[in-house]
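2 protein chains.
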Amino acid sequence: MSHKLLVHNKRFLLESGLSLPKLEIAYHTFGKLNADKSNVVWVTHALTANSNVYDWWKGLFGINDLFNPNDYFVVCANNLGSCYGTTGSLSINPDTNEPWYAYFPEITIRDMANALQVLKEHLGIEKIHTLIGGSQGGQIALEWSLLQKDISEHLILIATNAQHSSWGVAFNESQRLAIKADRTYFSNSLHGGEKGLVAARSIALLSYRSCETYVKTQSRDKYLSSNASSYQRYQGEKLVKRFNAYAYVKLSEAMDSHDVARNRGDDVVSVLKNIQAKSLVVGVKTDILFPVSEQRFIAENIKDAVYQEIDSLYGHDGFLIETKQLSEHIKQFYQTSTIKIKEEVI
Amino acid sequence: MSHKLLVHNKRFLLESGLSLPKLEIAYHTFGKLNADKSNVVWVTHALTANSNVYDWWKGLFGINDLFNPNDYFVVCANNLGSCYGTTGSLSINPDTNEPWYAYFPEITIRDMANALQVLKEHLGIEKIHTLIGGSQGGQIALEWSLLQKDISEHLILIATNAQHSSWGVAFNESQRLAIKADRTYFSNSLHGGEKGLVAARSIALLSYRSCETYVKTQSRDKYLSSNASSYQRYQGEKLVKRFNAYAYVKLSEAMDSHDVARNRGDDVVSVLKNIQAKSLVVGVKTDILFPVSEQRFIAENIKDAVYQEIDSLYGHDGFLIETKQLSEHIKQFYQTSTIKIKEEVI
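Which chain is which? The protein sequence lines are X and A, in order.
For the first sequence, the residue numbers in this note's numbering are 491 to 836.
For the second sequence, the residue numbers in this note's numbering are 491 to 836.
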């Protein structure tokens, strides 16, 4: 395992027309690039995750898992705008020598993909064997595949969409309203908006799970409440210890920006037809935030894409939890796509 | 139409053991009590509604609707803890001569039902023809029917439950976290927590609708956002103009308290068997906050209850919107229950 920081001392142009004075990208690599450079697995991570994919996607990434570091050279970078080392709200604006906080410029999923391209070029990686991401990570992987048509041989998109839905936007907006209801957000300081972030995480959690998850895992026990109240607070407070309200707002706005058709003719169907990678699209049947209709739509419009659904009690979070089912679908997908290649050769 | 205030100058004991120095109940009546006092329809309202049922439940309550004031004597009281005239957070605590705000004591759905009983006795109503309520109003109607076994001939429960689910509690807790993230809540003043209440309403709205509602009614239109963002803010700000953060918190806590089995042996199934009224239970197929499994459960356990489901694009809010379907189900229910009575007579 290697945890590194790329310091790219050039202005980084954003989709908005603004630019960042410089770009830093924190990233992990695991395993070794093989002789023919054909074993690169690149992971794009979701909202509050980080570049240590062997920590947060266990069961799929691990010594004994499908994506083990003996077989693959795994790369995962912290997303632009996040707070795990890559340039974001907590970074110092070199023009003011102060952290950006709320003044970090608006970024889009496309900007996040462009930042990954800088890292890819720095690492000298020519072709990615598999580009894989779930949720916001899937949005980034899809955008990157449209920005760089030959980016990867295989593309695996899980619990994600081609345009962020108005439902998803409404969930994100509710979270931002909660963060900004906490007036300390406007203090533009390290701990600004923390109480709001507790509420935001509590809201987000509802969208990551489902009624069934709560009913089956949380019981009523108290006079005026239930375990669910303290669980929500606990999860919110847990996030505050490892995340930042300003970064959260910027990343949630970036998610809302997601629309593969923007400035590409506004026809999502035609845009998706430009994807060249062999694609596997996976939905979680119980996902209420990214309903399976969104993944089905992607799969229907990417040429020869394979579509699979997984079962889970955990809704959207199923993409992180149901690694056994995911592994099986990916193995099957590799077999099918390999057979296809052989047939073409014959 | 008549809008009155009952001032009950006696201490009102709460389930917690605390008591209110006095109880005021704001209520509306519509139409006239008939000679044999058999035409009383009593409506119990939901979270942020008020006693003017002809204003908020049009299509079911109106001059030309099923519950028209020519046929029925309709009573609706503002709930205990609300801010439309009945004793609640904005009332003056006579012991301090200051409004209660956050210090209003914790109340339960059972307390809210007991307050209605005070009004019913004041009005000299002996038997209610139909007791009807949806959502929190359904919780109150169900509790009242358990506290006063012969309260009504017919009981109509819509989009409600017998115990508030941990899922519902998690939604309410997220809203309270948002309100309290707004530190002005702790100023204990008239406008305290208003920014938090905007966020809370935005969250609540997600639970009142569904992904399909948003996708079909809100479109993407802007660079970094969609109509959904401004819609959420607008709805939040609209509530702030007519509601109060302290009352909202108390009422949401009361909803979480809802458990018909509390101190009744803790066996919901047995408790529901005590309902004596002819009951109609209605679920909205797309309701994510009070899923139809909850109404089916109630109907299965109330003796001879009729169960119906209605279609709606609007999720939980369908109970307020789909008044045509509701009216049909209620008419059919009345016919069936009348036939039953006749058969018994024969």
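Calculated directly from the structure, the hints in this document are not laboratory data.
If you're wondering where the values come from, they're calculated on a predicted model, not measured in any experiment.
Check the hints yourself; a few may be wrong.
As the list claims (entries may be wrong) - Here are the simulated DSSO-like cross-link-like pairs (lysine-lysine), alpha carbons at most 30 angstroms apart as the crow flies:
1. A:LYS706 - X:LYS793
2. X:LYS706 - X:LYS548
3. X:LYS706 - A:LYS728
4. X:LYS775 - A:LYS706
5. X:LYS706 - A:LYS793
6. X:LYS775 - X:LYS793
7. A:LYS706 - X:LYS763
8. A:LYS793 - A:LYS639
9. A:LYS775 - X:LYS775
10. X:LYS706 - A:LYS731
* Pair hint X:LYS706 and A:LYS731, alpha-carbon separation not exceeding 30 angstroms -> It is violated: about 38 angstroms lies between the C-alpha atoms, which goes past 30 angstroms.
* **Restraint status (C-alpha distance of X:LYS775 to A:LYS706 at most 30 angstroms)** => Measuring from Cα to Cα gives roughly 21 angstroms; hence the hint holds.
* Is the hinted pair X:LYS706 and A:LYS728 satisfied, with a Cα-Cα distance of at most 30 angstroms? -> It is violated: about 35 angstroms lies between the C-alpha atoms, which goes past 30 angstroms.
* Asked: Holds or violated: X:LYS706 with X:LYS548, Cα cutoff 30 angstroms?
  -> Holds: X:LYS706 and X:LYS548 sit about 24 angstroms apart, inside 30 angstroms.
* Asked: When you check the alpha-carbon spacing of X:LYS775 and X:LYS793, does it fall within 30 angstroms?
  -> holds, 23 angstroms
* Asked: Given the hint that A:LYS793 pairs with A:LYS639, does the C-alpha gap stay at or below 30 angstroms?
  -> holds, 13 angstroms
* To do: For the pair we were handed, A:LYS706 and X:LYS793, check the Cα-Cα distance against 30 angstroms.
  => Answer holds: A:LYS706 to X:LYS793 is near 27 angstroms, not above 30 angstroms.
* Pair hint A:LYS775 and X:LYS775, alpha-carbon separation not exceeding 30 angstroms -> holds, 18 angstroms
* Holds or violated: A:LYS706 to X:LYS763, with C-alpha atoms at most 30 angstroms apart -> holds, 25 angstroms
* Asked: Does the alpha-carbon distance linking X:LYS706 and A:LYS793 stay inside the 30 angstroms limit?
  -> This hinted pair holds, its Cα atoms lying about 27 angstroms apart.
Against the hints set out earlier in the document, violations occur for numbers 3 and 10.
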